[in-house]
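Student: Okay, here's what each chain looks like letter by letter:
2 protein chains.
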Amino acid sequence: MSNKITLKSIAKELNLSVATVSKALKDYKDISEDTKQKVLEYATKFKYKPNSFAQSLRSNESRIIGLIIPEIVHHFFSNIINGVIVTARKKGYFVLVMPSEESYEDEVNQIKLLTEKNVDGILVSLSNDTINYSHIKQVINSGVPVVLYDRISKLISASKVQIDDIQAAIKATEHLINIGCKKIAHIRGPLKPQTTIDRAKGYRQALQDNNITYDKNLVYNAENMSYEDGYNLAELILREHPEVDGIFCFTDLVAMGALKKLNELGISIPEQISIVGFSNWFITQTSSPTLTTINQPGFLIGQEACNILIEEIHAKRDNRPFEHKTIKIPTELVIRESTK
Amino acid sequence: MSNKITLKSIAKELNLSVATVSKALKDYKDISEDTKQKVLEYATKFKYKPNSFAQSLRSNESRIIGLIIPEIVHHFFSNIINGVIVTARKKGYFVLVMPSEESYEDEVNQIKLLTEKNVDGILVSLSNDTINYSHIKQVINSGVPVVLYDRISKLISASKVQIDDIQAAIKATEHLINIGCKKIAHIRGPLKPQTTIDRAKGYRQALQDNNITYDKNLVYNAENMSYEDGYNLAELILREHPEVDGIFCFTDLVAMGALKKLNELGISIPEQISIVGFSNWFITQTSSPTLTTINQPGFLIGQEACNILIEEIHAKRDNRPFEHKTIKIPTELVIRESTK
Numbered sequence: 282m283s284n285k286i287t288l289k290s291i292a293k294e295l296n297l298s299v300a301t302v303s304k305a306l307k308d309y310k311d312i313s314e315d316t317k318q319k320v321l322e323y324a325t326k327f328k329y330k331p332n333s334f335a336q337s338l339r340s341n342e343s344r345i346i347g348l349i350i351p352e353i354v355h356h357f358f359s360n361i362i363n364g365v366i367v368t369a370r371k372k373g374y375f376v377l378v379m380p381s382e383e384s385y386e387d388e389v390n391q392i393k394l395l396t397e398k399n400v401d402g403i404l405v406s407l408s409n410d411t412i413n414y415s416h417i418k419q420v421i422n423s424g425v426p427v428v429l430y431d432r433i434s435k436l437i438s439a440s441k442v443q444i445d446d447i448q449a450a451i452k453a454t455e456h457l458i459n460i461g462c463k464k465i466a467h468i469r470g471p472l473k474p475q476t477t478i479d480r481a482k483g484y485r486q487a488l489q490d491n492n493i494t495y496d497k498n499l500v501y502n503a504e505n506m507s508y509e510d511g512y513n514l515a516e517l518i519l520r521e522h523p524e525v526d527g528i529f530c531f532t533d534l535v536a537m538g539a540l541k542k543l544n545e546l547g548i549s550i551p552e553q554i555s556i557v558g559f560s561n562w563f564i565t566q567t568s569s570p571t572l573t574t575i576n577q578p579g580f581l582i583g584q585e586a587c588n589i590l591i592e593e594i595h596a597k598r599d600n601r602p603f604e605h606k607t608i609k610i611p612t613e614l615v616i617r618e619s620t621k
Numbered sequence: 282m283s284n285k286i287t288l289k290s291i292a293k294e295l296n297l298s299v300a301t302v303s304k305a306l307k308d309y310k311d312i313s314e315d316t317k318q319k320v321l322e323y324a325t326k327f328k329y330k331p332n333s334f335a336q337s338l339r340s341n342e343s344r345i346i347g348l349i350i351p352e353i354v355h356h357f358f359s360n361i362i363n364g365v366i367v368t369a370r371k372k373g374y375f376v377l378v379m380p381s382e383e384s385y386e387d388e389v390n391q392i393k394l395l396t397e398k399n400v401d402g403i404l405v406s407l408s409n410d411t412i413n414y415s416h417i418k419q420v421i422n423s424g425v426p427v428v429l430y431d432r433i434s435k436l437i438s439a440s441k442v443q444i445d446d447i448q449a450a451i452k453a454t455e456h457l458i459n460i461g462c463k464k465i466a467h468i469r470g471p472l473k474p475q476t477t478i479d480r481a482k483g484y485r486q487a488l489q490d491n492n493i494t495y496d497k498n499l500v501y502n503a504e505n506m507s508y509e510d511g512y513n514l515a516e517l518i519l520r521e522h523p524e525v526d527g528i529f530c531f532t533d534l535v536a537m538g539a540l541k542k543l544n545e546l547g548i549s550i551p552e553q554i555s556i557v558g559f560s561n562w563f564i565t566q567t568s569s570p571t572l573t574t575i576n577q578p579g580f581l582i583g584q585e586a587c588n589i590l591i592e593e594i595h596a597k598r599d600n601r602p603f604e605h606k607t608i609k610i611p612t613e614l615v616i617r618e619s620t621k
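For the record, the sequence lines run as chains P and S. First residue of the first sequence? That's 282 in our numbering, and the numbers climb one at a time after it. First residue of the second sequence? That's 282 in our numbering, and the numbers climb one at a time after it.
Think of the hints as simulated: they come from the structure by calculation, not from any bench. Errors might be hidden in some of the hints.
Identical copies look the same in the list; a pair holds intra-copy or inter-copy alike.
[As the list claims (entries may be wrong)] Okay, derived cross-link-like pairs now, DSS-like style, lysine-lysine, Cα gap no bigger than 30 Å in a straight line: (1) Lys418 <-> Lys328; (2) Lys293 <-> Lys393; (3) Lys371 <-> Lys418; (4) Lys371 <-> Lys398; (5) Lys326 <-> Lys418; (6) Lys310 <-> Lys328; (7) Lys606 <-> Lys293; (8) Lys393 <-> Lys317; (9) Lys326 <-> Lys289; (10) Lys398 <-> Lys319; (11) Lys393 <-> Lys464; (12) Lys482 <-> Lys317; (13) Lys293 <-> Lys398; (14) Lys621 <-> Lys463; (15) Lys328 <-> Lys398; (16) Lys304 <-> Lys464; (17) Lys441 <-> Lys473; (18) Lys326 <-> Lys310; (19) Lys372 <-> Lys463; (20) Lys326 <-> Lys393; (21) Lys304 <-> Lys398.
Note that the coordinates shown come from a computational prediction; the quantities given were computed from them, not determined experimentally.
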């Protein structure tokens with residue numbers, strides 16, 4: 282007979298039920314400190330090593346959470362991945378990272394795979410392609426906790442973690458107004474995601490608050506959210522509106538492209554045109570001139586989203602009610618050389 | 282009684298053993314195509330949904346691989362993560378990403394956690410702190426396949442995927458020689474990792490091959506591998522060796538810092554000093570001037586490492602022998618504005 286220490290053998294030895302031993306080892310609230318102490322000492326002494334599969338089967342917990350992320354090679358999203366993984370590790374959870382690559386189909390597929398893998402919960406940032414949310418509602422209805430981060434939808438009933446894009450865009454645009462820009466263009470992103478919509482709203486709001494007439498012809502669309510978009514649109518803006526003296530870009534990558542083109546055209550920044558980006562990617566510190574931007578704290582977003590998800594997982598496990606939370610992470614303007 | 286379709290009920294219905302049904306669903310080689318077809322049709326018709334925990338317990342396969350990575354917020358490593366995850370997904374594997382944050386202790390701890398989680402295999406890039414390899418040898422000895430990528434050690438018996446750092450560094454240094462640089466400095470990284478050692482070797486080799494005397498005073502050390510290191514060392518080089526007309530930096534981030542300082546000091550690049558980086562981070566395309574560098578294909582490294590690991594996992598599962606492979610991924614010089 283094997284001398285392997287199992288939950289059963291511990292239970293027998295200590296005259297407890299297997300369920301009590303299991304719960305004690307997992308630090309459940311309904312087990313007394315005395316019992317926990319006794320079980321832990323015994324388990325440690327006899328080097329109890331749980332079999333992770335068997336353990337999962339018994340507890341129906343995998344201690345794994347899924348992370349659906351639109352892109353991996355992306356400064357902001359990398360920071361979120363890092364925040365999620367570091368936070369999850371501290372609480373004893375593993376993270377399966379699944380990139381949707383901005384595709385609705387991939388997102389649906391990855392979420393399906395994660396539920397088949399019996400993850401304890403899922404963190405989701407919607408792809409730019411996603412307009413139907415039934416795949417996410419289905420997961421929530423099946424009892425798996427979901428927290429949305431960054432790219433959320435108001436139509437999904439779940440906890441949400443994001444920045445206040447409207448307020449951040451107001452901050453960015455007002456900075457341009459305050460330093461004396463009279464004709465401010467906005468380069469916005471694709472039409473669907475709420476983040477882009479809100480940043481465009483904030484731009485408009487700031488103009489109105491400062492008695493500057495909003496002119497829709499000064500709003501340009503960076504459909505691919507790319508460096509090349511910024512590069513090409515900067516030239517277009519100059520041609521169509523040579524009087525523009527400030528540009529607020531909805532993301533740093535696009536701003537960096539615009540900066541590059543303006544440098545090439547011999548436009549002096551910030552003297553002739555001031556530029557503000559959004560996100561505070563590392564590259565904004567390395568360009569000439571360095572880029573003024575909004576700091577969007579990815580690590581913190583990942584950390585908060587992960588914490589809330591684990592709270593909800595624990596509440597579900599312990600049959601406690603859980604109220605969804607909506608967290609807005611604060612942002613700040615980082616002033617650098619690209620604005621006067 | 283539940284009508285749930287299980288392996289057992291399928292086996293009973295088709296008059297097969299449970300093991301045969303299980304193997305058929307997993308496309309094992311020792312099951313006939315006829316049987317596979319029959320099982321698959323039945324499973325599909327009655328919507329058989331495997332319980333992932335029970336499945337793992339039975340098969341002793343988790344379909345999960347672990348990825349130990351020194352840093353997450355890092356352009357090159359992000360590309361590797363992406364390559365690994367995309368490749369793993371195509372082959373039906375999930376990936377647990379575990380950052381060592383360049384710490385030996387974290388690396389040991391993360392690997393221990395992964396084995397407790399019963400992952401099918403582990404991909405490892407050693408932290409810069411790691412000089413003892415017993416934690417990795419132990420995993421290999423326990424029968425879990427390991428593939429080393431990027432930061433490898435010759436002292437570990439496992440498959441390895443990396444670039445040829447010596448050849449790449451020769452290419453970078455010879456480019457500086459070919460464009461007419463007479464006094465070429467090298468900014469190297471910390472002393473331990475093989476990658477840094479090999480890049481410094483390649484620098485020395487290229488000088489010797491071209492009858493240029495190697496001068497150890499022209500080799501500077503970027504201990505933190507940081508932007509600030511490059512920024513500070515550029516000034517030091519100018520002060521100690523004003524005759525330097527070329528700098529080969531062991532990594533792009535450090536090169537970008539040096540570029541920034543030289544720009545600030547009014548040194549014209551490439552006219553007075555040419556600079557070559559290493560890795561082809563995205564930022565090298567956005568600086569002024571843009572940076573000449575060595576393209577280190579992260580996605581490809583991740584893809585190859587993952588493919589070999591899964592090959593070894595399958596060989597082990599099927600009791601086939603597996604010979605370790607050492608793959609050198611080709612690199613290329615990307616010439617941009619920072620060299621004449």
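Student: Hint by hint, work out which the structure violates, then give me just those numbers in ascending order.
Tutor: Going through the list in order, the structure violates hints 7, 11, 12, 16 and 19 and respects the others.
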